[in-house]
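K.L.:
Read off the chains here:
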Amino acid sequence: MDTTTIKNNFRSEEYQINMGPQHPATHGVLRLLLTIDGEIIKRVEPDLGYIHRSIEKMCERDSYQQIVHLTDRMDYLSSHINNEAVCLTVENALQLEIPERVKVIRTIIGELTRIASHTLWWGVMGMDVGALTTYFYGFRDRELINDIFEETCGARLTMNYNIPGGLMFDIHPNFVKRTKEFIAHFKTKLPEYDLLLTGNIIFQKRMEGIGILSKEDAISFGASGPVGRASGYSCDVRKHHSYSAYDKVTFNEVLKTEGDTFARYQVRILEMWESLSIIEQLIDNIPEGEFFAKTNTVIKLTEGEYYQKVETARGELGVYIVSTGTKNPYRMKFRSPGFSNLSLLNHIAVGGKIGDLVATMATLDLVIPDIDR
Amino acid sequence: MGINNTPDIPEDFPGKVIPGGNGANILVTSLDEIINWGRANSLWSLYFGTSCCAIEMMQTGAARHDYSRFGFEVARPSPRQADLIIIAGTIVNKMAPVLRRLYDQMAEPKYVIAMGACAISGGPFYYNSYSVVKGADHVIPVDVYVPGCPPRPEALLEGMLMLQAKIKTESMKAKVFPIDGFDEGL
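These protein sequences, in sequence, are chains A and B. So that you can map any letter, position 205 of the first sequence is 204 in numbering that gives the first Met the number 0, and since no number is skipped, the others follow by simple counting. So that you can map any letter, position 21 of the second sequence is 20 in numbering that gives the first Met the number 0, and since no number is skipped, the others follow by simple counting.
Accuracy of the hints is not assured; some may be wrong.
[Claimed, not checked] Pairs of lysine-lysine, BS3-like flavour, derived with a Cα cap of 30 Å:
(1) K56(A) / K133(B)
(2) K93(B) / K56(A)
(3) K326(A) / K167(B)
(4) K41(A) / K93(B)
(5) K332(A) / K167(B)
(6) K165(B) / K332(A)
What the hints contain is simulated information worked out from the structure, not anything from laboratory work.
Only chain A is shown next, with the shape it has when bound in the complex (with noise of 0.2 Å):
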């Protein structure tokens, strides 16, 4: 039979699959109903809840320096910068003036959690789309930051190292030895990622002109972080709303136009390099002074409502508390930046194949427990 008989006898139908819980390319415990029809995706619907902590709900039970470690395991791949995004809320309803040399030291080790998360990112995406080498040269160089982040913090990937106030501890005397060191030998391996898989003609072929987002759409969305900045939507939170020692640096905020899967690719790694350069600008000029400002023991804001929004590695993390005057949050909030881009996923991924859907979803960058909380 050719192909026109077989299509007049045989009628297609579309059908449904799953794809996860348990599902190695979904990054977590993500549950993804595929309507296809063949291979092409009819419909994308997320369903959440395989991770759902209630950590909402546990912050209202808990003081404001207890809430701090609970943010630790929501992006754990930012850990740090969820802790500052806390902090910094709590921080601006006490009006507490911060010393420098806080502000300083949580840019330089926020800036590193980037690229911890983003080596993690390229890692781990380049073996969702069959290169299983990146995945142990993305791990090679994480595992020297994260052993900075042990010599300072005691912890290598939950670090708790922010408190309302300050930090927890001053750094260790060899952190600003062994972060130059880290940035002369990323310095050397960041053209090695790109000789290795940004420049492979199949790759390239792979990536490119999937899983397209407009910029209208981006902002319709609520895409953030460098998913926003792959379709040329300009939401850098450090640019736009400085906090901590961002507008004491200079730094591109990186844009891409083409808003495909590729350009989201290229943003974060040039993003590794932007980081690079601001850890560059402040690690030889940390202030003196304090490592903590004083505050009380019992922390209790005034009544009121308060918001902080912070850009972590995935993009743009809010913190709303709610507050009555006593000791512990009546409502606390998270605008997570998974959550957001994951409800663009339906949007770029119709249309296209189930393969091209798991590159998609590598370049989104998402974590579950930062979705479901």
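With the hints as your guide, set chain B onto chain A.
P.N.:
Chain B in isolation, oriented as in the chain A frame:
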């Protein structure tokens, strides 16, 4: 696995038959050693990471710590091809049936490592959380517990070596299936 002491031997059976009892036991124990050695050194793990611990699990598999030195490197996305679940992360009420189903789909022999505080007891989410299962051993039987939040890669490696040591003590004759009687709380 029972051993018949008086097997029916056909008349024309070629070769010598060693009677049951001591002689056969020697054969089974020697086989045990070989089988256990093979099982312990080629554990295929399932890709099962729900949260933060998964990152440390990935670190254990990556360049520096490299668990392929001990035969763990073949991670499988399908439970039908895996021998071992490393529960890396929190198990919540919605995920618990999925975890149980994955466990049931695995072929015997199967082993479970509970990695991190959440998989052991609920960890930081033990108090005040309405959705977290307070320990993965409420859902499936666990062989080795690795504490930490998250555990260091070295800790996970030690837990895996402990599992290997446990596997090496198994015997075919007195095989215990951990899932037997698990639901009744035995």
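K.L.:
So, for every hint listed, does it hold in this structure?
P.N.:
Hints, one by one, checked against the model:
For the hint linking K56(A) to K133(B), the alpha-carbon distance of about 17 Å falls within 30 Å, and the restraint holds. The suggested pairing of K93(B) with K56(A) holds, with an alpha-carbon distance near 17 Å, which does not exceed 30 Å. The suggested pairing of K326(A) with K167(B) is violated, with an alpha-carbon distance near 54 Å, which exceeds 30 Å. Between K41(A) and K93(B), the direct Cα distance comes to roughly 27 Å. Compliance with the 30 Å bound is thereby established for this hinted pair.
Restraint check: the Cα-Cα separation between K332(A) and K167(B) comes to about 50 Å, which exceeds 30 Å; the hinted pair is violated. Taken as a hint, the K165(B) and K332(A) pair is broken in the structure, with Cα atoms around 45 Å apart against an allowance of 30 Å.
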